[in-house]
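Given chain C, put chains H and F in place with the hints provided.
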Amino acid sequence: MAKQYVTTTVNGDLTELLCDSTQTLLDVLRDELGMTGTKEGCGTGDCGACSVTLDGVLVCSCLVLGIEANGKSVETIEGMAKGEELHPLQQKFIDHIALQCGICTPGLLIAARSLLEENSDPTESEIRYWLAGNLCRCTGYHKIVEAVQAAAIEMRGN
Amino acid sequence: MGRAPSPFATKIPYEKKDLKIVGSNPTDRGDAVDKVTGRARYASDITLPGQLIGRVLRSPHARANILSIDMSAAEALPGVKSVVTCDDFPDMAVEHAASGELMVNFRDVTRNMMARENVLYDGHPVAAVAATSDAIARAALKLIKVEYEVLPHVIDVVEAMQPDAPVLHDDQFTKGVEPKPEKPSNIAARLESKLGDIEKGFAEAEIIIEREFNTKPVHQGYIEPQASVANYTEGGLAEVWTGTQGHFVFRAQIAKLLQMDMSKVKVVPAELGGGFGGKNNVYLEPLAIMLSKKGKRPVKMVMDRDEVFRATGPTSGTNVKVKMGCTKDGRITAAQAELNYQSGAYAGSSLPLATITVFTRYDLENVSVVGHDVTTNRPKVAAYRAPGAPMVAFGVETVIDEMARECGMDPIDFRLKNAAKEGTQTHFGPKLGPIGYIQTLERAQANAHMKEKLGPNQGRGVATGFWFTLGAETSATVNIGEDGTATLIFGTVDVTGGSRSAFAMIVAEELGIPFEKVRTMSGDTSALGFNFMTAGSRGTAAGSMAAVTATRKAIARMCEIAARKWEVETDEVVWEDGHARPAGANVGDFAPMSVAELAKEASWFGGTIAGHAEINVAQGGPGFGTHVVDVEVDRRTGAVKVLRYTLVQDAGKAIYPEFIEGQFQGGAVQGIGTALNEEYIYNDKGVLENAGFLDYRIPVASDVPFINTEIVEVPNPDHPYGVRGIGEVPIIPPLPAIANAIFDAVGVRMRDHPMSPPKVLKALKDQMIADASSQGTAAE
Amino acid sequence: MRYEAPETLDAAVGLLAGESGQVKVLAGGTDVLVQIHADMIDLDLIVDIKKIPEMREIVEEDGAWRFGAAVTGKEMMDNAAFNKAWPGVMDGVRLIGSVQVRGRATVGGNLCNASPAADGVPPMIAARAVAIIVGPNGRREIPVEDVAIAPGKTSLEPGEIVVSFQLPKRAPNSGDAYLRFTPRTEMDIAVVGCGINLTLDDKGICTDARVSLGAVAARALLVDEAAKALIGTPVAAAALENLAAAASAACKPIDDKRGTIEYRTEVAGVLAQRAAAIALERAKS
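Protein chains in written order, with our numbering: chain C, 1 to 158; chain H, 1 to 780; chain F, 1 to 285.
Calculated from the structure, these hints are not laboratory results. Incorrect hints may appear among the rest.
Stretches of chain C that chain F covers, calculated by requiring three or more beta carbons in the stretch to come under 8 Å of a beta carbon on chain F [said to hold, decoys possible]: (1) 20-29; (2) 48-60.
Computed spacing ranges between beta-carbons, pair by pair [said to hold, decoys possible]: (3) F:Asp256 - H:Arg405: 34 to 42 Å; (4) H:Thr487 - C:Glu85: 26 to 34 Å; (5) F:Met40 - H:His96: 36 to 44 Å; (6) H:Arg635 - F:Ala236: 19 to 27 Å; (7) C:Glu126 - H:Asn65: 49 to 57 Å.
From a predicted model like this one, the values you see are computed outputs, not experimental measurements. Don't be surprised by glycine CBs; every beta carbon is placed ideally from N, CA and C.
With the rest of the complex left out, here is chain C (with noise of 0.2 Å):
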């Protein structure tokens, strides 16, 4: 089976390449482009570690076709930071310590920031119930969950 010929947007940039039509947007991202910010945990849906945007909508890599990438734009973590400026969202996973090994962290970053573009305000049991789709296994969540009201009052110019 010949591979398909993919023109998408990834963070901002056209981006051409070649996949086979059962690679996932994922494997894409990771094997083809190079951008291994965006972790594969599962492969199922069920962790979250793959998560990004397409077209504005929170999304689980694993469970996109690189293909239905085209003609599409794709946010990932990579594209998260300005130049040297970090999201405040970033900065506030640092301050907070809501991340150790970090291998969850990109994902649930891109989550948290879809959570806020939506929804300024959250409470903390909105945070914890848009964030389910994110498992961490070191942090408990307590400080994410911490992170990501201090990221929200921030980005809210309180």
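Relative to the frame of chain C, chains H and F by itself:
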């Protein structure tokens, strides 16, 4: 454990002093920016040019003889460059070695890595291939023909102990039984540990409680699957980048398994995406190296999630019987336990560790512990954060809760009355040094959590935990740069992301320079002396001992430079506040020299500045924790909701307090997951049914509340900063604390793990039936 | 695996009907990609239907809602008017997977994947939803409860696709709700699910009810006896007792890694009562 401690082991006495850096929370962690931007490189992120992708063929049967393996069709598939089976690896004789907190036996390690005569669990590796793409490698696996003779299997530990159970190893005769048994058995070993006179202890008891508990295996649940990238060079060197908690131990094991000189094997630890004990064992590395050797190209191997669950190392499933006696005023007189632990397909569970931890929170005179290590058709168990301890705590801490209630005492008061303290004689040999157990109990009792009111179907439970701090071989190097900055090369793998900062803080404190002037780097096996596994809560505790030792040697060298420059004796130079200074006014009026100034002059005065340490750290002071949890039970569905959680733990000295809080919280939530929903589920063919995160249910963010933490500091007398290991204690109390809370809420005692909704609902129904039909027999 | 993304229904039907090998429709992909990953299926052709306009719209005509089978969960959640009209259907949609999964998952896929535990199905059955199907022999409509017939199997003929769902116009004083039981708070497959839709008269007496149970049989059930327990009553204690009994009695569950027969049967009754209470609240407000 078992061998007397070496008189040559390193202890550095605790020095109480004012600290400038240690005990604060640094702003620059060293690993954090890379992790939040996706630039940190974990093993599966590493790619070598020309690499092949390797994949493993695994047994679909729980137990079978391998009659034949035909690799020919797989080998012939275009794109396949190498294949391996057990024929590519030498057989190993029986030989034991420490691998983290558990021992391994090389005869079994090689078989667990690649089956030889038989397969002993669903997922057991049978062959492996390396091909030019993942798709081709997967297609090649389908072309491998294996002929199996399926045999009866046994999964449950109690079933496996029965005389008529299928026996996994016909050359395994129970050790520790006299006379040596004639028939082989699944019981690999029997252990015993005693103190005092247990019969006398029960004779003195006015209250005796005897209970039986069963737990299912649980998995460490790290989000990063195992991954290794290996390159076997034409010159015969094997280099491998891998996710490991101990690259030096891995090097030793790889060298042995492949019959290579250790000097020809280099293991580079990648950033680790979670281990918790599960990455203490080699799985892919030797396969990847051999595939690389045969394929003459680098080979990358990454496990799928279902392979992680099926074929790495979950904990033991257990059957634990606890019998304890006390007087009516709450003094424990006798403590007895029988621990039946399954080790998986090969012998060697965490039973010895469970034996040590079972009662070690209490000051007891009469103790008897008997344990059995049992082989079953499950993957070989690996360590999981305080391996063996949660299961015995489930038993002992709930029996203690029952005893306290029988005596009419508050559960913390009961524990205070019997608390282990400095001087307490343990049943496994040593006397305890200064410890913080009582302080954790008292702080928990005083915590605001205790004042929160409980509503209907809500209850509160308390439980405590103990874990030791391993020492072991630790090596580190401090290099002072010409600009006066310091680099610490450390070899205790930083499994959490926080140890490297703790090391940097300690080096900065010792040198008297700003934290920002110290950098840490992880050294691979070619860069340092041997470092034992990061296990047994030793990562920061032992790693920092080596860092201190290495730094003090660098300081001695800097004092020597100053002495040479000032033309005085070395003992006339002292190090203070980041400078070499004359020891007194009588030595001479020399201006103090900073690290940078000394570094500039170092070459003239003999050579550049470094200090290195290769020490064997003595086992450190143990840690203790007290947990309090409030739950609410839905009587109609059995669902248990955790409302509130507080834990207090003795860290000895909190080098990096906020990070330690995070570890407390993470361990507690793992314990909550264990308590409520995590378990391995097998079908009647011995095949694992929940080999994924959908049905192996670890806690999600909405399952748990904030975890309140409090750090107690009773300095470890054998560490210069008083540090105790802290990583493992937090996972021990949640299981019994939640069981005790469920009883407080709805009056049922859970003794069957996990305490999932169907089990709780059934217990409630059984209770109702028992209450209704009994007239006068006390329910619990 | 060939990948095609037709832009018309006719083209899609032609591809599906004309394929002799293994073929699947790709909507959200949150089930299909998992099945490909697990090697459960080996597709010769995958037909991506997300470019077909009729499958992607949500429209209200005269108080009656119709939404395409390939509308995502997120798109449904973002539609305030639909949420107001059918909160029970949205209870179900909101429980499918995670936020990430709902960014892609569709009610069409949720139904046609034919898991007995699918969260989107019981409230759609309770709502009297009709599936509009297009195939080589033209267009037809069947009640949603007749689409899935067994785990992984639908009643669709080769070449047929579910195109959209038609919901009836709401009677006044109506409310619907869906509850499920899972061991964790999120991310689990339902152990039991119950969707209830009911209508009250202006004295608060139930004049119409539909009760559907998920995860307790080979497919989601429409339980007439449970509905009868509610109709003609004020949906108070006595009716709820009967409702629970009828719900439990209708269960034909299996023992599996997610629940036992005993547990599912018991909890079906509990959830039915709790869902009825919420539907009642909504009907009254």
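Evaluation of the provided hints:
1. 20-29: holds (count 3)
2. 48-60: Answer holds; 7 residues pass the 8 Å Cβ test.
3. F:Asp256 - H:Arg405: 34 to 42 Å: Given range 34 to 42 Å: holds, Cβ gap about 38 Å.
4. H:Thr487 - C:Glu85: 26 to 34 Å: holds (28 Å)
5. F:Met40 - H:His96: 36 to 44 Å: holds (42 Å)
6. H:Arg635 - F:Ala236: 19 to 27 Å: Taking Cβ atoms as reference, H:Arg635 and F:Ala236 lie about 21 Å apart, which means the hint holds.
7. C:Glu126 - H:Asn65: 49 to 57 Å: holds (56 Å)
Taken one by one, the earlier hints all hold for this structure without exception.
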